[in-house]
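Q: Once you have looked at the hints, place chain B on chain A.
Which chain is which? The protein sequence lines are A and B, in order. Quick note: to get this note's numbering, add 2 to the position in the first sequence (first position is 1). Quick note: to get this note's numbering, add 2 to the position in the second sequence (first position is 1).
Derived by calculation from the structure, the hints in this document are not laboratory data. One or more of the hints may lead you astray.
Note that the list lumps identical chains together, so a pair holds whenever it fits in one copy or between two copies.
DSS-like, lysine-lysine: derived pairs with alpha carbons at most 27 Å apart [to be verified]:
hint, residue 1, residue 2
1, Lys422, Lys264
2, Lys184, Lys171
3, Lys422, Lys446
4, Lys184, Lys264
5, Lys184, Lys202
6, Lys225, Lys202
7, Lys425, Lys34
8, Lys65, Lys126
9, Lys327, Lys212
Residues per chain are reported as follows:
Number of protein chains: 2
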Amino acid sequence: MNVEEFRKHGKALIDFIADYSANIESIDVLPKVEPGFLSPLIPDEISHDPEPFENIMKDVSEKIMPGLTHEHHPKYFAYYTSGVSFPGTLGDILASGLSVGVFNWINCPAGTELENIVMDWFAKALGLPKYFISDSPGSVGGGVLQNSASECIFISLLVARAHVIEQLKGDSDLHDSVFLPKLVAYTSEDAHYSMEKAAKMSLTRIRLIKTDSRGKMRVDVFKEAVLNDINNGLIPFFVMATLGTTGSAAYDNVYEIGKFSKTIPYMWFHIDGAYGANAFILPEMRRFGEGMEYADSMNVNACKMLLVNFESSAMWVKDVMIMKKALSANPVYLQHDNENKVSAIDYRNYGISLTRRMRSAKFWFVFRTYGLVGLQNHVRKLLILAKKFEKLVLDDDRFEVVNEVHLGLVCFRLKHSDDKTEKLLNIITNSRKMFMVPARLNDKFVIRYCVMYEYTEERHIIESWKVITEVATHILGQSGCTNGSLNGHP
Amino acid sequence: MNVEEFRKHGKALIDFIADYSANIESIDVLPKVEPGFLSPLIPDEISHDPEPFENIMKDVSEKIMPGLTHEHHPKYFAYYTSGVSFPGTLGDILASGLSVGVFNWINCPAGTELENIVMDWFAKALGLPKYFISDSPGSVGGGVLQNSASECIFISLLVARAHVIEQLKGDSDLHDSVFLPKLVAYTSEDAHYSMEKAAKMSLTRIRLIKTDSRGKMRVDVFKEAVLNDINNGLIPFFVMATLGTTGSAAYDNVYEIGKFSKTIPYMWFHIDGAYGANAFILPEMRRFGEGMEYADSMNVNACKMLLVNFESSAMWVKDVMIMKKALSANPVYLQHDNENKVSAIDYRNYGISLTRRMRSAKFWFVFRTYGLVGLQNHVRKLLILAKKFEKLVLDDDRFEVVNEVHLGLVCFRLKHSDDKTEKLLNIITNSRKMFMVPARLNDKFVIRYCVMYEYTEERHIIESWKVITEVATHILGQSGCTNGSLNGHP
Numbered sequence: 003m004n005v006e007e008f009r010k011h012g013k014a015l016i017d018f019i020a021d022y023s024a025n026i027e028s029i030d031v032l033p034k035v036e037p038g039f040l041s042p043l044i045p046d047e048i049s050h051d052p053e054p055f056e057n058i059m060k061d062v063s064e065k066i067m068p069g070l071t072h073e074h075h076p077k078y079f080a081y082y083t084s085g086v087s088f089p090g091t092l093g094d095i096l097a098s099g100l101s102v103g104v105f106n107w108i109n110c111p112a113g114t115e116l117e118n119i120v121m122d123w124f125a126k127a128l129g130l131p132k133y134f135i136s137d138s139p140g141s142v143g144g145g146v147l148q149n150s151a152s153e154c155i156f157i158s159l160l161v162a163r164a165h166v167i168e169q170l171k172g173d174s175d176l177h178d179s180v181f182l183p184k185l186v187a188y189t190s191e192d193a194h195y196s197m198e199k200a201a202k203m204s205l206t207r208i209r210l211i212k213t214d215s216r217g218k219m220r221v222d223v224f225k226e227a228v229l230n231d232i233n234n235g236l237i238p239f240f241v242m243a244t245l246g247t248t249g250s251a252a253y254d255n256v257y258e259i260g261k262f263s264k265t266i267p268y269m270w271f272h273i274d275g276a277y278g279a280n281a282f283i284l285p286e287m288r289r290f291g292e293g294m295e296y297a298d299s300m301n302v303n304a305c306k307m308l309l310v311n312f313e314s315s316a317m318w319v320k321d322v323m324i325m326k327k328a329l330s331a332n333p334v335y336l337q338h339d340n341e342n343k344v345s346a347i348d349y350r351n352y353g354i355s356l357t358r359r360m361r362s363a364k365f366w367f368v369f370r371t372y373g374l375v376g377l378q379n380h381v382r383k384l385l386i387l388a389k390k391f392e393k394l395v396l397d398d399d400r401f402e403v404v405n406e407v408h409l410g411l412v413c414f415r416l417k418h419s420d421d422k423t424e425k426l427l428n429i430i431t432n433s434r435k436m437f438m439v440p441a442r443l444n445d446k447f448v449i450r451y452c453v454m455y456e457y458t459e460e461r462h463i464i465e466s467w468k469v470i471t472e473v474a475t476h477i478l479g480q481s482g483c484t485n486g487s488l489n490g491h492p
Numbered sequence: 003m004n005v006e007e008f009r010k011h012g013k014a015l016i017d018f019i020a021d022y023s024a025n026i027e028s029i030d031v032l033p034k035v036e037p038g039f040l041s042p043l044i045p046d047e048i049s050h051d052p053e054p055f056e057n058i059m060k061d062v063s064e065k066i067m068p069g070l071t072h073e074h075h076p077k078y079f080a081y082y083t084s085g086v087s088f089p090g091t092l093g094d095i096l097a098s099g100l101s102v103g104v105f106n107w108i109n110c111p112a113g114t115e116l117e118n119i120v121m122d123w124f125a126k127a128l129g130l131p132k133y134f135i136s137d138s139p140g141s142v143g144g145g146v147l148q149n150s151a152s153e154c155i156f157i158s159l160l161v162a163r164a165h166v167i168e169q170l171k172g173d174s175d176l177h178d179s180v181f182l183p184k185l186v187a188y189t190s191e192d193a194h195y196s197m198e199k200a201a202k203m204s205l206t207r208i209r210l211i212k213t214d215s216r217g218k219m220r221v222d223v224f225k226e227a228v229l230n231d232i233n234n235g236l237i238p239f240f241v242m243a244t245l246g247t248t249g250s251a252a253y254d255n256v257y258e259i260g261k262f263s264k265t266i267p268y269m270w271f272h273i274d275g276a277y278g279a280n281a282f283i284l285p286e287m288r289r290f291g292e293g294m295e296y297a298d299s300m301n302v303n304a305c306k307m308l309l310v311n312f313e314s315s316a317m318w319v320k321d322v323m324i325m326k327k328a329l330s331a332n333p334v335y336l337q338h339d340n341e342n343k344v345s346a347i348d349y350r351n352y353g354i355s356l357t358r359r360m361r362s363a364k365f366w367f368v369f370r371t372y373g374l375v376g377l378q379n380h381v382r383k384l385l386i387l388a389k390k391f392e393k394l395v396l397d398d399d400r401f402e403v404v405n406e407v408h409l410g411l412v413c414f415r416l417k418h419s420d421d422k423t424e425k426l427l428n429i430i431t432n433s434r435k436m437f438m439v440p441a442r443l444n445d446k447f448v449i450r451y452c453v454m455y456e457y458t459e460e461r462h463i464i465e466s467w468k469v470i471t472e473v474a475t476h477i478l479g480q481s482g483c484t485n486g487s488l489n490g491h492p
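Same shape as in the complex, but just chain A:
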């Protein structure tokens, strides 16, 4: 493909994406495919000869698009999304078109420095503690973009672990692994599953602390567990609180968790704000983050509310040197003259991967295109629409809302046995018109309904509620429909 062909196909692809976005309401949110649908449609090896790009785009339209779940659709209420916006996509296009690797300063000075700048912008916009902001006086902290919240959490655990072991080890020549069996990490049972996965991958003992009826970590149980472990000769070294849990969008009490954690020797305090901390772009929401100033590290996914395309998982640490010590190794071929200058960051020492895309471009594009006020208006709208949906649920006696609705997530269920709500969800999912997912809260089966899409309007909320109530009437009337189909529903 030569440069003129690229212009042609690239512009056609821009139109393809624009048309897709403009017409998204006309397609079902879920596809009508079964596992294994694609392989019979695709040859089983690379074509020997070059194929014209038109053939490929024809296959995209005919084979790929019918097999997509449309995450950026007004009736997608399922997971916290992977984010999309036009300026975010443009930022990704620039990053891919230049394809420069941001791993050490010399290989990409502008990409390196822009990442640091937008991480400072982001931290300031959310009102995060000053020590996370690299250009704040006296700060030795800073931010970095990782691939995902899972990665941020895993890295935080690894960094905290290296830090405690360094302290425990002193001048001893024991291998670092010898200290591991004594270490204990803590989070709540409602924390994102990636914390449990991080502990599993790193062979780290973890306690999943009970939550209260609102999905918040029970601080009394946490304290008791920590003191109990210390009495048993173990070493508590890491606690993660969540701002906006996956199951119910609950805000843990970071003030109480953080304050206590600072009384425990070696304890690292990490905050997973992947979803909920985005809302701090609204100053009135920052009351839910009181106590953030106790954090040693924190992560926020801008894709989850702030319109930056995935991957846009920002992570900050209070002391960058602790992170670099845990994650660095320094072969000759990666050395350069400027590597010891504070302003010449080598981001390879801030995460798992060596090479990294220029992820900062999409942040820069999105933040400037919307401006602070545009981002605030978007988040405010999501919160208002969720409240609107909550009111619709509360006004119907057959239903209950199971979480405190402060953000974009409403968890609801029928006031009946779990199987009724499960059936409700299955019928709606099988219709492919709406996508919601289940969760368990207070040991009950609930439906997650999350407002995320940039162009969601009140009418989408009302329409979706109409479908839910009609199916509920159908189920509760027990009119014989048990085959999981949504007969007669739009």
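A: Showing chain B alone in chain A's frame:
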């Protein structure tokens, strides 16, 4: 930004990338900036109000572009690159514009299945062992796309570790971490630094085995180390061989390493083919991979030779269940009806991150646009150009080539003390016209010269050699130039 504005700005951005690529030879490969150059040019927080996109693109041109190292420039001979091609960029554009998260089957059926298909395509094109190919009869293996080779290597280590611990543990209720201090991993001292970093992050004991004068792992030393560790009560559990080392593009003897590793209980054999295994797209190069059939897992970065934009790090495992067991956890909100079907892969259980981009699109676009024959021609050209450069070096008595040139990398030095070669490199780097990086081979300072760029021609090789020889003449003549400038050189 509305959809019509996106069309306009998107198309302008396509032209921007096309123009950049078309004119790349007219700019210096290295930028004329010092650490800290960008922050004075950029406001220190998000603008309050929205900004027009034209302003942003003006800043891209005036502030970002002058601060880039141009990785896809005919005079970039430094690192194995992050890859770029027009169809690769188009694949990235599609993935970003759709922004669908490939984490479980239901959230992205087409993205999930396409990933599995292109991983099979890729494995077949390289002639990898059949058991890595998911649609091969009897296979229980398969592939997955990770962010980077570093991540592939780290994950392989974690999976192998979980597997050995599961076997050692049996029915015991000891914590997994208790087994860690006895485990030992092995690789060569010339393996990619990410292996050492992976061991550090995972608190795993590692032995860096000596290499011979050609940069290959010394199999005799490896065997001795393993047997010695067993005699000392330790448990060897992981060895990584490299196909195409970073320092010298050496191919380890995977046959000998693999064959021996299969005689050691619990030993997992991983092959890092990040760079060198790409060349197996040429059947005549596969002799360097003899013994791959002993591997339990393997990784190859298509960005390093095969024109797929970063991140394009493919990883295969012989037994997918072993990987899933090590990397899974299963909360209610991620469950779906089809999850136990073989064809409904949940890629979140194949790596660290939950959500992942639709990385398969760019593979599909590149493989089809070039066809097998186009990819083969590209790789063949890189190898021929490197041989051309090697000959130029060998024909000049003042220089020596320090590695065996089978791939695109030539490591060379002046036949003098290290400081002469270091000075040569510094002067050239400071000119900003050419970018090469240092390495240490056989305890000598050498310069890595790697041919990677799609449009590199013989004239670029000849021109770059002319610069190198002129600077060498200058240095060896000791005409008084010691200030690191390349006076009078183009």
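Q: Now look at each hint and say whether the structure bears it out.
A: Consistency of the hints with the structure:
Taking identical chains as interchangeable, the C-alpha atoms of Lys422 and Lys264 are never at most 27 Å apart, the minima being 46 Å within one chain and 54 Å between chains. Taking CA atoms no more than 27 Å apart as the test, Lys184 paired with Lys171 passes in both settings, with 13 Å inside one copy and 18 Å between copies. For the homomeric pair Lys422 and Lys446, the shortest alpha-carbon distance inside one copy (12 Å) is at most 27 Å, but the shortest distance between copies (73 Å) is not. For the identical chains of this complex, Lys184 and Lys264 are intra-copy neighbours only, at 19 Å inside a copy versus 34 Å across copies, given an alpha-carbon limit of 27 Å.
With identical chains, the CA atoms of Lys184 and Lys202 are at most 27 Å apart both within one copy (15 Å) and between copies (18 Å). Taking CA atoms no more than 27 Å apart as the test, Lys225 paired with Lys202 passes inside one copy only; the shortest distance there is 23 Å, against 31 Å between copies. For the homomeric pair Lys425 and Lys34, the shortest alpha-carbon distance inside one copy (19 Å) is at most 27 Å, but the shortest distance between copies (64 Å) is not. Within a single copy, Lys65 and Lys126 get their C-alpha atoms only as close as 44 Å, which misses the 27 Å cut-off; across copies the closest is 22 Å, which meets it.
Taking the shortest alpha-carbon separations for Lys327 and Lys212, only the inter-copy value of 25 Å comes in at or below 27 Å, while the best intra-copy value is 34 Å.
When each numbered hint is compared with the structure, a violation occurs for hint 1 only.
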